[in-house]
Amino acid sequence: VRLAALRSAFDALIAAEAAVENRAANVQVGRSPSDVVPHPLTPIEVERLRVAGRLNPRDTLRPACAALALTGATHMEIASTVVADFDSAGGRVCLGRTTMSERVVNLDTATSMALAARIRFVRWAAAAAWDPDSAPLAMHRPVGAYQADSVAPTVSMNLSRALRRAGIARPGVRPRSCREYAANAVYARTGRVEDVAAQLGIVSLDSAFRLIDPDWQRRWGAHFGPRGDG
Amino acid sequence: MARRSSRAAGPRELRGSGGGGSTAVSVVAQSQRQRRATAGSHVARMRAIASDPHLHALAAHVSVANRRDHRVGGRPSAYPDWCLLVFGAGIRVFGSASATARALAEPAVWGEVVNAAAAVVDTQAAAELPPVGPNRDHWAYFLKRRLNPEALAELAARQRELGVERAREVGLLDPDAAYSAGGYHRDQVVGLDGKVFSSPLRTLDAERVDKATGEFRPVRQDPARQRYGEAGVDGIVWGTKFAIASVRSPLANHRVILGVAHFDAATPGGEGRVFTQLALDLAARAPGIQAFTADGAWRGTHLNQIQAATGCGVIAPPRRRTRRNGGIVIGGHGHAAQPLPWSRRRQQREAACGGHQLWAAAGTLFEQTIAVDGEPVLRELTRHQTKRDTTRRKDGSDRHQFYARYTLPCPGHPDHDWWEPLLATGDDAMAGFNRCEYLRVVPATGPHHRRLYGMRQDTESLNAQLERAFYGQRLPAWGVHNQTAVVLLAAVAENAWARHVWNHEAQRQRSADAA
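Chains as they are written, first to last, in the numbering used here: chain C, 1 to 230; chain Y, 231 to 745.
The hints are simulated quantities; they were obtained by calculation from the structure and are not laboratory data.
Possibly wrong hints are sitting among the right ones.
[Stated by the list, open to error] From chain Y, some residues computed to sit far from chain C (all C-beta separations above 12 Å):
1) A267
2) V350
3) K441
4) P453
5) S573
6) R576
7) G584
8) G585
9) L588
10) F596
11) T599
12) E605
13) P639
[As the list claims (entries may be wrong)] Computed Cβ-Cβ distance ranges for the label pairs, DEER-style:
14) Y/A383 - C/R174: 31 to 41 Å
15) Y/G500 - C/G172: 16 to 26 Å
16) Y/E391 - C/R174: 54 to 64 Å
Here a beta-carbon is modelled for each residue, glycine too, at the ideal position from N, C-alpha and C.
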């Protein structure tokens, strides 16, 4: 039985006045370490994903989706980011606005350009119905218009297509590799797991550290300058 | 085999190989008067048909197919088979079987036909012919009994063989002529096109009222009639459809029909597959074919099949798509684009620089970059050369591959320079890339495409000639069998006239040189 399900069951019992308190609220379960091995994209693959990840010459969706993923956004954050979250003048984007992990991430020029191009298209497509507070940045429709269980597959499919179009088909590479790249890039720059957790919106430092690939750091860490230089 | 240079000074020269020797004709510019003179007259065309050895070869084929035991008995034929083939080919000249019968009923016309045929057939046999030509009853009997479906199928195959032979005879499809991949000559490019001949039946009604009696009477139906969409015609066309392959030179009326195939809406694979089968058949018969040209019926799969199997280039219009739907606009037209897949070679080539966004569209490659304002910019890559490689398989067959050499400037790195395959490769299937749909031997943006695709448009003049040849611009025959026979014999008539035009032009040029 999952702990979350147990807690929900208690909540239902409380609502039905069959129980007074949630006895599962303080229960702690010993976690087993994740056996997922990180396969972050290499800087060369990231460059190619930015350059050649389009499905057609006018495609702005996949570049925007990839740009957000490369900043460390989760699938849900990519889906729920709206136009108003992007500050083009400041080169920043606010991720996870409605969640506990809300944060502002600074963007590089290429990412800002990809998002700006997407906004131009979305604005043109929306015409009179233009509303920056609801227009999604990297989805066709607002996240609420999707079924709950189809949001992550939609984002995942967009990223998979972009990766395939860019010819990135290494064993182990999957859409999550974009986020793993963001984690490793931050770690290569600062050498601090706290910064990784902050950029990716991860509460647990252990979880953030599990995204760091030592082999990647050894091969590509020098590309991001000496540690601590930001 | 040594190939003649195509860079000789002066007008291009065509060399015919028929008649036991070679004849040369220079492709000189013809005046309007000279061009019109090649149209000839009805009698001249009938003479050309009757004196054509190929018609008599086909007649011999019919006679052999109908040979039967003498003991069975029956009335002897009033006319030998060649007379009925002349009658059938005459429908192309006079417009209908009825008009042909009337013309051949004239002793003067029939006498011309017999005299012309005497050069090919036995003089004694020609002298024993009736004083007037066959009539419609003879023609109807011939179609029904002598030219049975099996004989007609064999006749169609034999006609292709003779068509290729005729092309060589009149200086077309020269296998020794030099050429480069993409720089094809008009007399060696075969044009394929589908032609819907209007049915003789002009109404959709199954019954008609007799105005005198008020009685409903059934209307004769054409079982071959179907509905087809036709370019350049509003709505639809009711008729019967044929694939026609032809080759010509710039000289007026110097065109040879290489093959004819009937098909309809139920034919598996549709027009594209019928054209493909016809092209493969012709390429196997005629080594002088350099290229085929056809309209949009051929998609990437067909192009790959033909080019890989025959080594002949194919000139076809590129796939279109509007800009709104993701196409690339070139010269005012939107073209469908697909990203060039990442083969192992490409990965290695672009490993140092990170890679480029390359699109295959309009038969060539484009690079997409992002301008400082964030707008995508497309730039066509320079294509330098196109070449063809041939690989001999274990079973003895050949497989051809075309390559184009491209250069891609790469800021901060040496320029990329490589040979891009133009036919399907092993990696394409995995990437879901239909290579021949987007990359062509002759790209639509290149200087040759307009000239070469004009050769496809030129087949429309043959279609128009055939259509206008028949009375009321309707095929004067009912049912697939009869209609195929009429169209096949119209092709024989065209080829006979091409021979006449060739001989006439050769003689004219010889006389001019002598003078």
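Task: Beyond 12 Å from every chain C Cβ - status for Y/V350 - done: 62 Å, holds
Task: Reported absence of Y/A267 from the contact zone with chain C (all CB gaps over 12 Å) - done: 53 Å, holds
- [ ] Just double-check Y/T599 for me: nearest Cβ-Cβ distance to chain C has to come out over 12 Å.
- [x] At roughly 8 Å from the nearest Cβ of chain C, Y/T599 sits no farther out than 12 Å, so the non-interface label is violated.
TODO: Note whether the CB distance of Y/G500 and C/G172 lies within 16 to 26 Å or breaks it.
DONE: 45 Å, violated
Task: Non-interface label on Y/R576, tested against every C-beta of chain C at 12 Å - done: 7 Å, violated
Open item on the list: The output says Y/E605 does not contact chain C. Does that hold with a beta carbon cutoff of 12 Å?
Closed with: 8 Å, violated
Open item on the list: Is the claim that Y/G584 lies outside the interface with chain C correct, judged by CB distances over 12 Å?
Closed with: For Y/G584, whose nearest Cβ neighbour in chain C is about 4 Å away, the distance does not exceed 12 Å, so it is violated.
Open item on the list: Quick check on a hinted range of 54 to 64 Å for Y/E391 and C/R174, using CB atoms only.
Closed with: 59 Å, holds
Task: Non-interface claim for Y/G585 versus chain C (Cβ beyond 12 Å) - done: Check fails; 4 Å does not lie beyond 12 Å.
Task: Separation of Y/P453 from chain C, once the least beta-carbon distance is taken, above 12 Å - done: It holds; Y/P453 is separated from chain C by about 46 Å at its closest Cβ, greater than 12 Å.
Open item on the list: Does Y/F596 clear chain C by more than 12 Å, comparing its Cβ with all Cβ atoms of that chain?
Closed with: 8 Å, violated
Task: Non-interface claim for Y/P639 versus chain C (Cβ beyond 12 Å) - done: Consistent with the label, Y/P639 stays out of reach of chain C, its closest Cβ about 15 Å off (over 12 Å).
Hint violations for this structure: numbers 5, 6, 7, 8, 9, 10, 11, 12, 14 and 15, all remaining hints satisfied.
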